[in-house]
Every structure is written in C-alpha cells, then in structure tokens.
Amino acid sequence: MALSTSFRSNLIKPLTALTALSSTQHLRRPFSSSVDDSTALTIETSVPFVGHKCEPPSRNVETTSKELLGFFHDMALMRRMEIASDSLYKSKLIRGFCHLYDGQEAVAVGMEAAITKKDCIITAYRDHCIYLGRGGTLVECFSELMGRQAGCSKGKGGSMHFYKKDSGFYGGHGIVGAQVPLGCGLAFAQKYSKDETVTFAMYGDGAANQGQLFEALNMAALLDLPAIFVCENNHYGMGTAEWRAAKSPSYYKRGDYVPGLKVDGMDAFAVKQACRFAKEHALKNGPIILEMDTYRYHGHSMSDPGSTYRTRDEISGVRQERDPIERIRKLILSHELSTEAELKNIEKKIRSEVDDAIAQAKESSMPDPSELFTNVYVKGFGIEVAGADRKEVRGVLP
Amino acid sequence: MAATGTMRRSFGSLAFSISKRAFSTSPSPVDANGLKSMNLFSAINHALQIALESDPRAYVFGEDVSFGGVFRCTTGLADRFGKGRVFNTPLCEQGIVGFGIGLAAMGNRAIAEIQFADYIYPAFDQIVNEAAKFRYRSGNQFNCGGLTIRAPYGAVGHGGHYHSQSPESFFCHVPGIKVVIPRSPKQAKGLLLSCIRDPNPIVFFEPKWLYRLAVEEVPEHDYMLPLSEAEVIRQGTDITLVGWGAQLAVMEQACSDAEKEGISCELIDLRTLLPWDKETVEASVRKTGRLLVSHEAPVTGGFGAEISASMVERCFLRLEAPVARVCGLDTPFPLVFEPFYMPTKNKILDAIKSTVNY
Chain A
111 MALSTSFRSN
121 LIKPLTALTA
131 LSSTQHLRRP
141 FSSSVDDSTA
151 LTIETSVPFV
161 GHKCEPPSRN
171 VETTSKELLG
181 FFHDMALMRR
191 MEIASDSLYK
201 SKLIRGFCHL
211 YDGQEAVAVG
221 MEAAITKKDC
231 IITAYRDHCI
241 YLGRGGTLVE
251 CFSELMGRQA
261 GCSKGKGGSM
271 HFYKKDSGFY
281 GGHGIVGAQV
291 PLGCGLAFAQ
301 KYSKDETVTF
311 AMYGDGAANQ
321 GQLFEALNMA
331 ALLDLPAIFV
341 CENNHYGMGT
351 AEWRAAKSPS
361 YYKRGDYVPG
371 LKVDGMDAFA
381 VKQACRFAKE
391 HALKNGPIIL
401 EMDTYRYHGH
411 SMSDPGSTYR
421 TRDEISGVRQ
431 ERDPIERIRK
441 LILSHELSTE
451 AELKNIEKKI
461 RSEVDDAIAQ
471 AKESSMPDPS
481 ELFTNVYVKG
491 FGIEVAGADR
501 KEVRGVLP
Chain B
17 MAATGTMRRS
27 FGSLAFSISK
37 RAFSTSPSPV
47 DANGLKSMNL
57 FSAINHALQI
67 ALESDPRAYV
77 FGEDVSFGGV
87 FRCTTGLADR
97 FGKGRVFNTP
107 LCEQGIVGFG
117 IGLAAMGNRA
127 IAEIQFADYI
137 YPAFDQIVNE
147 AAKFRYRSGN
157 QFNCGGLTIR
167 APYGAVGHGG
177 HYHSQSPESF
187 FCHVPGIKVV
197 IPRSPKQAKG
207 LLLSCIRDPN
217 PIVFFEPKWL
227 YRLAVEEVPE
237 HDYMLPLSEA
247 EVIRQGTDIT
257 LVGWGAQLAV
267 MEQACSDAEK
277 EGISCELIDL
287 RTLLPWDKET
297 VEASVRKTGR
307 LLVSHEAPVT
317 GGFGAEISAS
327 MVERCFLRLE
337 APVARVCGLD
347 TPFPLVFEPF
357 YMPTKNKILD
367 AIKSTVNY
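From first to last, the protein sequence lines stand for chains A and B.
111 is the number of the first residue of the first sequence in my numbering; add one for each residue after it.
17 is the number of the first residue of the second sequence in my numbering; add one for each residue after it.
Quick caveat, the hints were computed from the structure, so don't treat them as lab data.
Small disclaimer: the values here were computed from a predicted structure and weren't measured.
All C-beta atoms, glycine included, are put in the ideal place defined by N, C-alpha and C.
Every clue listed holds true.
Pair ranges (Cβ atoms, derived):
| # | chain 1 | residue 1 | chain 2 | residue 2 | range |
| --- | --- | --- | --- | --- | --- |
| 1 | B | Glu-336 | A | Pro-479 | 27 to 37 angstroms |
| 2 | A | Leu-333 | B | Glu-236 | 52 to 62 angstroms |
| 3 | A | Asp-478 | B | Asn-373 | 26 to 36 angstroms |
| 4 | A | Gly-321 | B | Pro-72 | 27 to 37 angstroms |
Simulated coverage check for chain A against chain B, where a stretch passes if three residues somewhere in it have a Cβ under 8 angstroms from a Cβ of chain B:
| # | region |
| --- | --- |
| 5 | 261 to 268 |
| 6 | 310 to 324 |
Excised from the complex, chain A in its bound form (with noise of 0.2 angstroms):
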C-alpha cells in the first residue's frame, strides 16, 4: 500500500523548526521565576504557510512569554475536558452524541489569540472547545454535556449545541456544513454596522464537500463580506479519509475565485498568525479560506473508536511529532520560561479544576420537565402546546 504509506507520511511532518528557534534572546534568559510576562518573543511556525491567491504572512510570529505560558494552559485544559468528557460518556452520564476535540486544541486556541469577543465563530458539532476558548466555563460545558439546568444551553442542547452570545458565539450545529451559509448571514450584518469584525465560519475536511458551502462561498464573494471560512481539516470525514471524499484535498484553494490560506492548524502560533492575517484581509478584501491542517484523537464520535480506518502507527505518530500541547511544551522549556516540574504542576492543577467542575455539574439539576415546551416559540402567541395524549400532557406556551 504505497498510497496509504505516503499518506501516512504526509501527516506526520516533524517540527524542524523547534530545532531551529528564531528567538535570539533565550541564551541569557534567566528562569521562570523571574520571567517578564510581557517579554517579546519571536517565534518561527513549524512550517510555512501557503497562499492561494494571496502573499502569505512571515513566518515569524510576535508573541510574549505570558502568551506562550497561556496557550500552554489553555490547551492542557482543553485536552483535559475532552479526557474527562470521554469518561462521562462512557460511564452514561453524557447521552446524545458527542464530538471530542482533543487534538484540535491549537486552532481554538491560536485563534481567540488573534481575534476579539466582538468577532463571531460559529462552527458545527464538535464545539467544546471552541466555546472554552470564547470564555465559557467548564462548569457549563459539563452541565450542558450532562443536560443539566447550569449548562450553557440550559441543559437543552447537549454536546453538539453550545451557545455564548455574548461572546459572539454562535454555535453548536448539528447538520454538516449547514452553519456556513449562517455565517455569510452574520457577516453581512457585521459589514453593515461598520465595527471592523468579522465572522469565523468553521467547517470540516467532511462538511466541505457539501453543495451549501459553495453558495456560501459565492455570495460572500460577491458581497465582498468579511468572513473567514475555517476548514479545520483533521483528514477524516467520520470514516472517510479525506483523498476518499474530495478530488482535491487542498481544501484552500477550493474556493476558485476566494484566496485561501494553508495553516499548520497543530501550531498555535501558525494559527494565531494567520487569524490575524485573514481577519486584515477580510475586512479589506472579503472573505478567504484558512485551511488548519489538524488531528483529532478520538473517532469521529463516541460511537466511533477511530481505529479502523487509520493505524495506529498514524495517531501515534502525530502524538509524538506534531501534539499542539507538546510543540507549546518544547517550546517553553527551550526558552527556559518554565521548568518541566512547573508544567507538571499547572496540568496537575488543571486536572482538579476539571474534576471540580465535573463534581459541580453533577450537583445542578436536570431542566423542569416544562421547559419540554419552552422555546418552540417566543411568548405571547397564547398557544396551547398538546402532547400525544391531550387529556395528560399539555401546557400553555409561555
């Protein structure tokens, strides 16, 4: 199997360029303790970028020793909750269906770093992690996933639907690539009200070949809007491996006449870098793909293992070459900003957050049965809701 071989390889590219640290500074930088938050760095993505009609942003991205040490942690917290997700499920606390993002970290993580609370993202099911990085709570996420009434959808969504309004959060959906078109619409009302933001519609590697993104694609073009679409193309469409599904693979150049961005989406900084990049362009010249070239962990869903259609040589393989934590990691130690017992200890730390909010969670109680019938319709209709069995179940639409 030449072709699977070299697919394989194709995945698994090593960071050289952890070995090849741009920073000039960290030969005198004394230890952690000491630190400067806010001492400048530079560093160089793992790899470059490349553009589809357009000049691609440096290599080279600004960041500070407090970013690197927040992007640490975000991420450890992210690939906690995924962790801790997993086990509820299995253990039948969480029904439904659920989608775990752990692998994914760097591309919800670099892109809050480039981006502010007034931009919108709206991406499909696989949005633990997304509303994390929006500034929502593991409290919530962990009383949403179990359906209880603390959740951030009051229990009623469950994991595919998070929601965060106020942070420009638009969801959570759960039918393939139906969220793009969405986000041409929240775009064009950004455009309108003048305020310089711009929306982030996610996809997957799967969702792409779907008939709406390309109207999608077509209409923010022609209104010039000022939306980003993210394909988060972690090779697998449930099953289907990515070369299976799409003629062309290079998701960023798929939309023709719409330039298109290839990002290491395993890399924080390559993410952050060309967020922030897009987000320029967007608001000068429309909307542009960013392809983040990632990897999920775990199958598709709970139901999938993950094992079957790809080796186990391949998840291994990217553990080790290319963990989006591990590369944050490497990079700290290098630059001497923290020692590994210290990082030890924010993820041992992390861990009793986690379980904290899990113990928590557990505590808040499921919806009332009345919300059954809430929210089918806004208040003031007066409609009498029936169930099956008139005379037993029935309320009035509040």
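Chain A is already provided as a structure; the job is to place chain B on it using the hints.
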C-alpha cells in the same frame, strides 16, 4: 439520569421476538426451513446482498457505506461486489440523491443511503422536485423508478435533536414517491427487496432503535413482501390500532396490557405509508368502531392526521369515539426529555381506555 433508565422501552414479544442480545458476527445456524436468526441490520444487509447478486445493474452508495456504514448495514458488500458497485460518497446528501436519480434514469437500481433520516433535508428538493415528478412531467418518457433511498429514522433513547427524528410525514405529502417503513428483520428484508425492484422511487425508513434489538427468524432465500398492503398483526374487536416501524413494538405491549383489562385490540402495521392501504384499515375500523393511531413524529400534521381524516370520511357513522392520536409532542425532538416526548406504552394504554369508554 435515572429517568432515562427507567423510561427506556422494554420490548416484549411481538409477532417477532426481541431480545437484548449483542450482535455476533459468527454465522447463525440455518434451520431446515431455510430460516436464520438475524437482527434488523443483518436482514437489511442480506436484502442488499440479494439485490446486488440478482441484478448486475444494482448499486449501493452513500456516506461510509463501503466500510459497512455506521449501523453495519452494508458490511462486506464492497468486498464482495467491488468498489464499482458499492461505494462511498462525499458528505453531500443533495448530491447523493440527485446522482441516484440520474443513475436510475438509465435503467439501473440505485440504492442510496442517507446516514440518518435527520440528514435527509438537504436532499428534500431532489426527492420532491426531481424524483417524484420525473415520470409525470416527462409524459412517461423518463423515470427514476429504480431509486430506493434508505435512511435510519426514529428515537434511540439518547439521540438528541439530530439523530432521532421521524420525517416520514413530509414525504407522505408527495405524490410520485412511495414511503415504506418495516417493523422487524423479516419484514425489512422482504419489503426492502420489493422497494428496490419496484418501478417507482421509494423512501425506505429503517427503525434504527431495532437494528440490534430486534431479532427474528428470517428466511435465507430471496422473497418479497407486497407494498401498499397493511398487515393485521393482532386480531381484536374493541379498537383498531394503526402504526408502523418501531412504534408497533410499543403498541403491541399496550395491546397486551389492555387485554388484561378485558379490551380486545386489533393492531395493524401499515408498512407502506404512501400510497397506503385504506381498505384494510377501513375494514378493521368498521369491525371495531374505534381507531387509535400512534407515531413518534409530532402529532400536528403527522401521518396520523391523514389516517384519521380518511377514516372519518369513510366510516363516520360507524365510529363510536373520536379517533385517538398518541404521537410525539409538538416540540423539537428533545435530548434529556426524550422519555416525556415519546408516545409510550402507558400513554397508548390510557388512550385505548378513554376511547373504549368514551
């Protein structure tokens, strides 16, 4: 989550036996009559095998089907019949159905899978505007009669908003297609083969709750069950119950409980919803004088409404009580409230009693 646990349906024995045994891939023994113990997804798999074997111009395609599909219905088919006849499509429901219509228009048997009935809506335009009216608007020059669209529908206990819907009534409003829903493995195999070979485009909804749960003795050989023919699966004299798919197992339990209280129920499996067998239902209602319809889809505008209206038209003077509808609630399919939403056995039993005592 205790509520979910206790409200889970427990299936009794219907005309078929349902056991909670796990699916085993080892071949089950075939008895002397050529019967083999099979669950629902194996029966579907068997029907597809026969369809591919018996017609070299039959094709199976859809999302993930060459790996066996998410419910294992197409396991082994790609290996056996080759990637040219059993193949994956990208994630593009509208494309899948449109492609199937074209394939069928050239005289082939196009068997398309939509991974969940909840995902069928992007293909709604193709089904309603292209497939259903192709023959009519071309003056019978063209048709896509070889098209069969399979899609798993209905609740599974914890599917939430987008893996639980029952969209059958949308399609029952479309002259030109047929809508078929089987209740058990044996029915599924026979009905699916009929659908594939029927010269009309068909939407075939499979009750996903029963894929592993329903096990039955299924004939090994190639057989077909008639379309547009309802089946009386339980004889009775006091009230007629009409349903389809997974709901019949729940209704059967309600019938048994009602029997203990001295009410004799007649249970009818409609099997084909469009065009449906009014005569069988009418004959039964004329006998019992009462009618109850039950389905998982929301009550308003559900297919139960059509059955109810037709029976009122046909045998108004024979009805001794209003037609009862025990259906899903008029809400989106809920996640944690699924037990409340569902038309459960007790809701049906109550409705049986109040109809009989009207």
